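Enquirer: As a plain string of letters, each chain reads:
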Amino acid sequence: MFDPRAFRRFKSNRGAVFGVVLVALLAVFAILAPALSGHNPNASDFQNGVGAAGRPIGPSGAHWLGVDNLFRDLLSRLAHGARVSLLIAFIATAISITVGAFVGLASGYAEGSRLQAIDTALMRFVDIGLSFPYLLLVMAIGAAVGEVTITTILLVLGLTSWFGTARVIRSKTIQVRSLDFIVASRALGQSTVPILLRHILPNVAGPLIVIASASVAQMIIAESVLSYLQVGLPPPTATWGRMLYEGQRMVAVAPRLVVAPGLLIFVAVIGFNLVGEGLRDALDPQED
Amino acid sequence: MLARLAKRLAWAVFTVWAVVTLTFVIYNVLPEDPAQVIAGPQARPADVDRIRMQLGLDRPLLSRYGSYMTRLVRFGPPSGEKDDSSFQLVGPVRIDLGVSYLKGRPVHELLGKALPPTLLLGALAIFVQVGVGAIGGLIAANRRHTVFDWGTVALTLVGISAPTFLTGLALQHFLARQTRWFPIDGYGDTFSEHLHSGILPAMTIGLFGAAYYTRLVRDEMIVLLKQDYIRTARAKGQNELQVLFRHALRNALMPLVTVIGLNMGILVGGAIVTEQIFRWPGIGRLSVHAIQEHDGPVIMGVVILFSTVVVLSNLLVDLSYAALDPRARQ
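Line by line, the protein sequences are chains H and W.
Sequential numbering from 1 applies to the first sequence in our numbering.
Sequential numbering from 1 applies to the second sequence in our numbering.
Be a bit skeptical, because a hint or two may be false.
As the list claims (entries may be wrong) - Covered stretches of chain H, as calculated for chain W (at least 3 residues, CB under 8 Å):
| no. | region |
| --- | --- |
| 1 | 225-233 |
| 2 | 244-251 |
| 3 | 258-269 |
Stated by the list, open to error - Partial pick of chain H residues on the chain W-facing surface, computed with a CB cut under 7 Å:
| no. | residue |
| --- | --- |
| 4 | Asp-127 |
| 5 | Ile-128 |
| 6 | Phe-132 |
| 7 | Pro-133 |
| 8 | Leu-135 |
| 9 | Leu-136 |
| 10 | Met-139 |
| 11 | Ala-140 |
| 12 | Gln-218 |
| 13 | Ile-221 |
| 14 | Asn-273 |
Said to hold, decoys possible - Derived Cβ-Cβ restraints for the label pairs, each shown as a range:
| no. | chain 1 | residue 1 | chain 2 | residue 2 | range |
| --- | --- | --- | --- | --- | --- |
| 15 | W | Arg-71 | H | Ile-118 | 34 to 40 Å |
| 16 | H | Gln-116 | W | Leu-22 | 21 to 27 Å |
| 17 | W | Lys-7 | H | Leu-115 | 21 to 27 Å |
| 18 | H | Leu-32 | W | Pro-116 | 50 to 56 Å |
Since the hints were derived computationally from the structure, they do not count as laboratory data.
For clarity, every value in this text was computed on a predicted model and none was experimentally measured.
The beta-carbon is built from N, C-alpha and C at its ideal position, and this holds for glycine as well.
Looking at chain H on its own, in the form it has when it is part of the complex (with noise of 0.2 Å):
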């Protein structure tokens, strides 16, 4: 997996590369939070961001985006929504990546011994996660937890994005298990837990950083969109989901107020998509 020829096609992908720098202006956006603006995200300026007609004001030297709906500053609000959307985008997609890898190895490994019967409950199990209605899923518990929290969140959405994930790395397993290699070290009596945890997961290692990848963009769609249907984070917290969301009604006064989030979600889901085909591409070369 730390194979140098991987690294640079990685590097030679312009595609790839311009996705590293989309991600990384973000993460930089995102921890300069606070420091970029000097404006409390959730506090209304009454003294300097209303406009003529007791509107928000547009950018101007003290709120350089500007103001929103409620006189807030924009460019802090985009900063502190960053830092959530990034934040639940990176969790989420480590609870879905751990527990998708270690049922799909632990399934993998079942299939065809003596243990069958795990790896035919387990994906079964897979098969009926898969037939979930994940969003309205999502949805729901959101909508009835009352309260919902990060932590709520991260839970909902890292526990019901694993099942592709297990899908994937089971038949990768079931193709590394029967190398000559792990077939040695078995018959060297290693038992099973080193050799899944140390021959097989790090061959399975590339598939699972690709989908790793892509779920960090889904994660990010994913968060945006109950925040805009108001089944996320509870207000006054930013996220831009409910930005768009409230900035939608002033969409004719202050279009600003849509698009700023809008793009930011695009690029950043656009940056982690590049990242991701770069990496498939470079861990995985198919020579047509």
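The hints should help you fit chain W onto chain H, whose structure is shown.
Expert: Quick look at chain W alone, frame taken from chain H:
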């Protein structure tokens, strides 16, 4: 073959049952109290208790689950009672999804009313997806290593990355609000109005699939166009369009059949958001309302309908493998 079919069918029924049970458990162990929601935040505790009794929410979970499931599927004629909310599925089998907490109407009636708009939207979306996918993929593959190809690949990346609600809002803004080519939202009254109003939401849902299928068809076509039989067809002087459409594209569309089936979930997921943006009176909008208003029976009904559709389309995909590819029949 018949034994396999029976086994697959039994498994499909089991999957739907499992999804229903899981949803029931998840929805009922969560802290939200439907009785409180229905009564409103100002209600007196006595009223909340009365509503809870009426809905049977005071009984233990297992007992509620038992009565939900025994009510859900029943055999025989309608009970004839006034509160009978069941409908006939096939022959003697009757399905009873219960009554909406808020609207006081049988859930199957609400679903039945919301289903045609969603089906229309789904059909239009699949039309967009496959049409754009086939033509885009064909052009990109046939003009490999040209601006057309790179442009198509770049556009598909945009299509795959644009979240449904962004696409929807953008289309609505530019093609409806500014140019007035299409209605901003709604469903209209006549069929031609339905079609006219349905174009933007269908494009919204279809964009992701269109991008995805374009790539799929492109990759498939690149391999196919190098095959010997294509060279033979060209060598014998076959018209180039016929080579592309009759020989290559037909085979390139084969994998699409399976992917369309497997992507039903994504289609429905996209419909939830899109119907909300365009005020399309379908299942997606029904479910968002049900969730926002904590209307348990409607949520359960939507989940049952949704998972049945997904499971059935997966089953059809499996069966179409056998029908389309003789090698899979063994």
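Enquirer: Work down the list of hints and note, for each, if the structure agrees.
Expert: Quick rundown of the hints versus the structure:
1. Check result for the region 225-233 of chain H against chain W: holds, 5 residues qualifying (beta carbon to beta carbon below 8 Å, three or more required).
2. Coverage of a stretch by a chain is defined here by at least three residues with a beta carbon nearer than 8 Å to that chain's beta carbons; for the region 244-251 of chain H and chain W the count is 3, and the condition holds.
3. With 5 residues having a beta carbon nearer than 8 Å to a beta carbon of chain W, the region 258-269 of chain H meets the requirement of three or more and the stated coverage holds.
4. Checking H/Asp-127 against chain W: minimum C-beta separation of about 6 Å stays under 7 Å; hint holds.
5. The restraint placing H/Ile-128 at the interface with chain W holds, with a minimum CB-CB distance near 5 Å, inside the 7 Å limit.
6. The closest approach between the C-beta of H/Phe-132 and any C-beta of chain W is roughly 6 Å, which is under the 7 Å cut-off, so the hint is satisfied.
7. Because the smallest distance between the Cβ of H/Pro-133 and any Cβ of chain W comes to about 4 Å, under 7 Å, the interface hint for this residue holds.
8. Checking H/Leu-135 against chain W by beta carbon gives a least distance of about 5 Å; that is within 7 Å, so the hint holds.
9. Satisfaction of the interface hint for H/Leu-136 is found here, the shortest Cβ-Cβ separation to chain W being roughly 6 Å, below the 7 Å cut-off.
10. For the restraint placing H/Met-139 at the interface with chain W, the shortest Cβ-Cβ distance is roughly 5 Å, inside the 7 Å limit, so the hint holds.
11. Residue-level restraint check for H/Ala-140 holds (minimum Cβ-Cβ distance to chain W is 5 Å; threshold 7 Å).
12. Using the Cβ-Cβ criterion of 7 Å, the hint placing H/Gln-218 at the interface with chain W is not satisfied: the shortest such distance is roughly 10 Å.
13. The criterion of a C-beta within 7 Å of any C-beta in chain W is met by H/Ile-221, whose closest approach is roughly 4 Å, and the hint holds.
14. With a least beta-carbon distance of about 5 Å to chain W, the hint placing H/Asn-273 at the interface is held under the 7 Å criterion.
15. Taking the beta carbon of each, W/Arg-71 and H/Ile-118 are about 35 Å apart, inside 34 to 40 Å as hinted.
16. For the hinted restraint 21 to 27 Å between H/Gln-116 and W/Leu-22, the CB-CB distance of approximately 24 Å keeps it satisfied.
17. At roughly 22 Å, the beta carbons of W/Lys-7 and H/Leu-115 sit within the given window of 21 to 27 Å.
18. Judged by the Cβ atoms, the range 50 to 56 Å given for H/Leu-32 and W/Pro-116 holds: they are separated by roughly 51 Å.
Of the numbered hints given earlier, the model fails hint 12 alone.
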